[in-house]
Amino acid sequence: RALEFKPDFHQAWVIRGVALGILGRLEEAIASYDRALEINPNYANAYYNKACCYGLQNNVELAIENLQRAINLDVKYQDMAKTDKDFEQIRGDERFQSFLNRV
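When we follow this note's numbering, the leftmost residue of the sequence shown carries the number 2, and every step to the right adds one.
Derived by calculation from the structure, the hints in this document are not laboratory data. Warning: the hint list may mix true and false statements.
Across the chosen pairs, the derived CB separations fall in these ranges [claimed, not checked]:
| id | residue 1 | residue 2 | range |
| --- | --- | --- | --- |
| 1 | S99 | D9 | 35 to 43 Å |
| 2 | I23 | R103 | 28 to 36 Å |
| 3 | N43 | A20 | 16 to 24 Å |
| 4 | L24 | E89 | 12 to 20 Å |
| 5 | R96 | D9 | 32 to 40 Å |
| 6 | E95 | D9 | 38 to 46 Å |
| 7 | A20 | D80 | 22 to 30 Å |
| 8 | E62 | K86 | 19 to 27 Å |
| 9 | N59 | R103 | 17 to 25 Å |
Built from N, CA and C at the ideal position, the CB exists for glycine as well.
Build out the structure end to end from the sequences listed, making use of the hints.
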């Protein structure tokens with residue numbers, strides 16, 4: 002409902018994305034994160050949550066791309082990614098391991 006009153010509130014778009022992700026509606030969640038990033042392109046949390054969605058979809062390259070953007074904006078996401086369950090499906094992938102070891 003917050004978006005009805007203030008559609009340019011980037012944090013509300015991220016909250017919407019998180020809710021959609023929990024429901025398994027990952028494409029809609031990604032679209033919400035994209036909307037948040039249109040409003041605030043430097044919002045690291047949106048990139049991180051987008052990376053999580055791609056991790057759940059087993060899309061290693063897009064997970065890494067968005068995770069890199071999140072880490073560039075806020076280094077705390079580097080440690081979070083190492084244990085986040087959303088990356089379980091890709092954690093064993095050589096590209097993901099190499100990325101985590103590089104950053």
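Hint check:
1. S99 - D9: 35 to 43 Å: Given a distance of about 38 Å, which is inside 35 to 43 Å, the answer is holds.
2. I23 - R103: 28 to 36 Å: At 30 Å between Cβs, range holds.
3. N43 - A20: 16 to 24 Å: holds (23 Å)
4. L24 - E89: 12 to 20 Å: holds (19 Å)
5. R96 - D9: 32 to 40 Å: holds (36 Å)
6. E95 - D9: 38 to 46 Å: holds (41 Å)
7. A20 - D80: 22 to 30 Å: holds (25 Å)
8. E62 - K86: 19 to 27 Å: At 20 Å between Cβs, range holds.
9. N59 - R103: 17 to 25 Å: Because 21 Å falls inside the window, the suggested range holds.
Violation of the numbered hints given earlier is absent; every hint is satisfied by the structure.
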